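Using the sequences plus the hints, can you model the full thing?
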Amino acid sequence: MVVGYAEDMWDLHRLRIWRAVVATGSVVAAAKSLNYTPATVSQHITTLQRSVGAPLYRRSGRGIEITDLGRRLAEESAEVFTGLGRLDTLIDSHRSVNRPRMRIAAFTSFNARLLPDIIGPVAGQHPDLRFDIQLNEPAKVRRSHCTVEIRNEVPQEGETQLPGMTRTVLFDDDYRVVVADSHDFAGLESVPFKDLSGQRWVDYDLWSGPTSKVVDLACAAAGFEPRTFAASEDEFAALALVAAGLAVTVLPRLSTVQLPRGLVAVDLTDPVPLRRVVMHVRDREAHLPHVRAFVTAAEAAVTDYLQR
2 MVVGYAEDMW DLHRLRIWRA VVATGSVVAA AKSLNYTPAT VSQHITTLQR SVGAPLYRRS
62 GRGIEITDLG RRLAEESAEV FTGLGRLDTL IDSHRSVNRP RMRIAAFTSF NARLLPDIIG
122 PVAGQHPDLR FDIQLNEPAK VRRSHCTVEI RNEVPQEGET QLPGMTRTVL FDDDYRVVVA
182 DSHDFAGLES VPFKDLSGQR WVDYDLWSGP TSKVVDLACA AAGFEPRTFA ASEDEFAALA
242 LVAAGLAVTV LPRLSTVQLP RGLVAVDLTD PVPLRRVVMH VRDREAHLPH VRAFVTAAEA
302 AVTDYLQR
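To convert, take the position in the sequence shown, counting from 1, and add 1; that gives the numbering used here.
Some hints could be false.
To be verified - Listed next, with one range per pair, are the computed distances between beta-carbon atoms: (1) 34 with 238: 37 to 43 Å; (2) 221 with 287: 34 to 40 Å; (3) 305 with 156: 21 to 27 Å; (4) 129 with 241: 36 to 42 Å; (5) 118 with 237: 17 to 23 Å; (6) 48 with 118: 48 to 54 Å.
Stated by the list, open to error - Straight-line alpha carbon distances no greater than 20 Å define the calculated DMTMM-like cross-link-like pairs of lysine to aspartate or glutamate that follow: (7) 214 with 234; (8) 33 with 66; (9) 214 with 160; (10) 195 with 175; (11) 214 with 138; (12) 214 with 235; (13) 214 with 236; (14) 195 with 226; (15) 214 with 271; (16) 195 with 185; (17) 195 with 271; (18) 214 with 268; (19) 214 with 158; (20) 214 with 154; (21) 214 with 226; (22) 195 with 268; (23) 195 with 217; (24) 214 with 204; (25) 214 with 175; (26) 214 with 173.
Just so you know, these hints were derived from the structure itself, not from any lab. Only a predicted model underlies this, so the values are computations on that prediction, with no experimental measurement involved. Ideal Cβ positions, reconstructed from N, Cα and C, are used throughout, including at glycine.
Okay, here's the thing in structure tokens:
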């Protein structure tokens, strides 16, 4: 009998509603936050008060006044819901262990511009799949085991093969000069690369990765060393300096798809810097349905990008 009485008293749904009433200070505000009607909230807290057998609140004008017991009940019950939260976390973690997982490593512009169009259809086919996304450029070492790695290559340096993975070329990405919309280059269709020799540059790759090596080779081919005004591993910080008219920068086309306001990207000629974007897929996982779906979606997303 005692157990049954306790179970009736501590209806967790009513207790949650009561905590919302105490937190907001009114039935109307609690109803709004819980997406209930005030009448529904009033009914639940009346039932809870009746079950407790002691006043939790008193009517006060058009509102209510919380009693000391009512306030303590809301405060002490916090531990109950914290415990329930731990139980939810336990179950979620158990489910996560048994869910298929795909670890993907790629560079920032690929993640921002193309990855959503790849993951979307894969997630639609495999709704239980979890995606872990890592950055691999700039990085001195590989982060961890990955099913798929999207990497940049310098075409002049040949192919990069990763152990246990199959390499596929996705596309070649040309570079453009990015300037403030008030810059002299802004109204031009293209700029000879050698014309950048007199400009102040922002270097956005402090780690001398493949992306910046392509630019270094283009400068050497044009016969000059860039006048580096600033260097930043943060692409957004570099673009902010360019937008302020302090310098120019040279970015792969993929990075110029959605530039902030005040910036213009102009094509380059003589030479046109190119990076190669490649996909490495781990051989022992390549047969899995979600990995095959990812490869197919990646090829489709790249085709769409190249046709824009």
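Here is how each hint holds up against the structure:
no.: 1; hint: 34 with 238: 37 to 43 Å; verdict: holds, 39 Å
no.: 2; hint: 221 with 287: 34 to 40 Å; verdict: holds, 38 Å
no.: 3; hint: 305 with 156: 21 to 27 Å; verdict: holds, 23 Å
no.: 4; hint: 129 with 241: 36 to 42 Å; verdict: holds, 40 Å
no.: 5; hint: 118 with 237: 17 to 23 Å; verdict: holds, 22 Å
no.: 6; hint: 48 with 118: 48 to 54 Å; verdict: holds, 51 Å
no.: 7; hint: 214 with 234; verdict: holds, 14 Å
no.: 8; hint: 33 with 66; verdict: holds, 19 Å
no.: 9; hint: 214 with 160; verdict: holds, 15 Å
no.: 10; hint: 195 with 175; verdict: holds, 16 Å
no.: 11; hint: 214 with 138; verdict: holds, 13 Å
no.: 12; hint: 214 with 235; verdict: holds, 17 Å
no.: 13; hint: 214 with 236; verdict: holds, 16 Å
no.: 14; hint: 195 with 226; verdict: holds, 10 Å
no.: 15; hint: 214 with 271; verdict: holds, 17 Å
no.: 16; hint: 195 with 185; verdict: holds, 15 Å
no.: 17; hint: 195 with 271; verdict: holds, 8 Å
no.: 18; hint: 214 with 268; verdict: holds, 19 Å
no.: 19; hint: 214 with 158; verdict: holds, 10 Å
no.: 20; hint: 214 with 154; verdict: holds, 9 Å
no.: 21; hint: 214 with 226; verdict: holds, 13 Å
no.: 22; hint: 195 with 268; verdict: holds, 13 Å
no.: 23; hint: 195 with 217; verdict: holds, 13 Å
no.: 24; hint: 214 with 204; verdict: holds, 11 Å
no.: 25; hint: 214 with 175; verdict: holds, 13 Å
no.: 26; hint: 214 with 173; verdict: holds, 15 Å
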